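Go by the hints and put chain Y onto chain L.
If you read the protein sequences in the order shown, they are chains L and Y. For the first sequence, the numbering used here begins at 1 and goes up steadily by one. For the second sequence, the numbering used here begins at 1 and goes up steadily by one.
Because the hints were derived from the structure by calculation, they are not lab data. The model shown is predicted, which means the values in this text are computed figures rather than measured ones. In this text, a Cβ means the ideal position worked out from N, Cα and C, and glycines have one as well. Heads up, a few of these hints could be off.
With a Cα cut of at most 27 Å, we get these calculated DSS-like pairs of lysine-lysine [as the list claims (entries may be wrong)]:
hint: 1; chain 1: Y; residue 1: K239; chain 2: L; residue 2: K104
hint: 2; chain 1: Y; residue 1: K61; chain 2: L; residue 2: K104
hint: 3; chain 1: Y; residue 1: K233; chain 2: L; residue 2: K104
Just a sample of chain Y residues kept apart from chain L, beta carbon distances all over 12 Å, derived [claimed, not checked]:
hint: 4; residue: R28
hint: 5; residue: L219
hint: 6; residue: D261
hint: 7; residue: T270
hint: 8; residue: G349
hint: 9; residue: L402
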Amino acid sequence: MHKILLVEDNEMNRDMLTRRLQRQGFAVCCAPDGPSGVAMAAQETPDLILMDVALGEMDGWEATQLIKSAPRTAAIPIIALTAHALSSDRAKSVEVGCADFDTKPIDLPRLLGKIGACLQKAA
Amino acid sequence: MAISFPTSQAALNDLVDWFIPAELAADREMRKQARMFLISHLFGPFIGNVVPLALYILDPKPGFEVVVLAASITGFWIFPFVLRAIGHYYLLALISIQNLMFCILWSCFFYGGVTSPTLPWVLTIPLLAFFYLGSAPRLRLIVLGMFALNFAVFWGFLQAGYASEPAMDFAALQGLGLVSTVAASLYVTMMALFYAKVLASQGELETEMRGHLATAAELRRATEEAERAGAAKADFLAKMSHELRTPLNAVIGYSQILLEDAADEDDAETASDLERIHSAGHHLLRLVNEVLDLSKIEAGMMELHLEPIDVAPLLEEAIAQFTGAAEQGRNTLTLASAPDIGGIVCDGGKLRQALHQVLDNATKFTRDGTIRVSAMRSGVGRAATLLLRVEDSGIGIAEAQLPSLFEQFTVGDDSSASKYGGTGLGLALGRKLCRLMGGDIEVESREGVGSAFTIVVPTTPRLAVPNDRDDEKPGVPPDRFSRRLAAIAERKSPMIMTAAQTHA
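Just chain L, same shape as in the assembly (with noise of 0.2 Å):
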């Protein structure tokens, strides 16, 4: 069973997206902000992280730049989430080392496909 840690700081939607993806078999922990996100990530090593662009105090590509920059989490494959689908946000998120990119609200069959292609990937 594949282990998914999301980054998210709006408790309803992080309630949501978590139930969705355990109905669809995943193991799922989560994390209200960056700094604890950067945490869980080095103590679950999870095999994909979705990480919420739009954080309080440090935001996704700051959490995501230092997951990336850990040896034991760089090679965690990471899906931001953004609100907006600027393809400035897109440039943002390769620039940072993301593997993919989704915007919200999240259309969930899309979200499986990206998710499904980042773990074939990474195995």
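Relative to chain L, chain Y alone:
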């Protein structure tokens, strides 16, 4: 103490200003001095020449001295023209003062020396020097030096005994004294009056300026207030969009989860109820988003995120998204884009949104028909545009309804609204978004035949005023637009040809 002959005064000002070179007129102080200079030179010789005229009449044997005096007084008339031609105001003013000293001392020398009846004119020298040259110390010193030099020469000639006794009797000299004094007083009065007028107009100017300053302060206050109100409005919109969307997302998200549960358990009845909650939630979210976007545009707070985008993927994505809706209405949805359509710089999200609105409209009002999407470029350079065209074979739009089609809450007529369902906001929003990017949405339609909507956006941003009203049309006027389309159809693309035939 201002003299006011409105028309003659205006004419006088025009006449005087005609002689002042532009670079002189630009400086207010210089212009004031130049005006005094010109008044004195234009009108002074009339008054001054009274003296040689009187001499000519009163002197039994008028000689060359009268001619020289008249000539040098008349010579003052040359100064305005020289000023207009070459400028050099201060030099001219000094030469003029020199000429004035010469005239006065010349007439004194030949008609009575230090007791000459023309002596009162000496008073005009410092007066005019002040009027012409203002209070610059260096110029004052020069005038003083000239004064001293002239008097020295005058004194020298007197001492040398060159002065001849005037051949005029006592009565004639008295007459000359009278004429000379009156003329000199008249001259000084004229200059004083004009100076008073200049001062008065300066006072008016200052009052006016103070008025302008007060208005500016008031405007600043009003602007600040408007900015505060604008900021409050923006704040409200931002809060509202968050406050409204959050619970709606919960309704949609959790009904989705429950729906998935029900589907797993094969509970069809609950699933159908949840399906209704879910789709109503989606509908409401869309309405909320549209209302908020419209308010943002109206408030001038919609921001544009300009970036280079590829057109082909944008179209393919939109087609993929509407395939389901098209199939529900048993429509064929096709994309007829040129593969080399390339990219443009615009707000991709807003262009996508506008295209969605138009596609949504087409799928809503077409049954058992075709919906065809095409893209092409038009124009060159700054006028280059991208045209996204959505043609349908739907119910079409009655000619009477076309003008109000893009107004908010207009959906054909009420019966079609209830049959086809529509928010009445989509097209209004789509057009506003396009206009925000400097483009527009154009429509051609025939009732019962179909409609063609064309999204026009500049390929490089031409920003419109954010607060874009419906009655203004920054886009291409429809008649020109149709002609342009027809012209393009002739030489370029067969797909537009079909459109032109269908919607002739």
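Verification of the hints:
1. Distance restraint check for K239 of chain Y and K104 of chain L: the Cα-Cα separation of roughly 19 Å lies within the 27 Å cut-off, and the hinted pair is therefore satisfied.
2. For the hint linking K61 of chain Y to K104 of chain L, the alpha-carbon distance of about 112 Å lies beyond 27 Å, and the restraint is violated.
3. As the CA atoms of K233 of chain Y and K104 of chain L are separated by approximately 26 Å, the hinted pair is consistent with the 27 Å bound.
4. Here R28 of chain Y stays apart from chain L, with its beta-carbon at least about 53 Å from theirs, past the 12 Å limit.
5. L219 of chain Y, annotated as away from the interface, keeps every beta carbon of chain L farther than 12 Å; the closest lies near 37 Å.
6. Not every CB of chain L is more than 12 Å from the CB of D261 of chain Y (nearest about 8 Å), against its label as outside the interface.
7. Non-interface status of T270 of chain Y relative to chain L is upheld: no Cβ of that chain comes within 12 Å, the nearest being about 17 Å off.
8. Under the 12 Å C-beta cut-off, the non-interface status given to G349 of chain Y relative to chain L is violated; the minimum distance is some 6 Å.
9. The non-interface label for L402 of chain Y is consistent with chain L: the shortest C-beta to C-beta separation is roughly 33 Å, beyond 12 Å.
Violated hints, listed in ascending order, are 2, 6, 8; each of the other numbered hints is respected by the structure.
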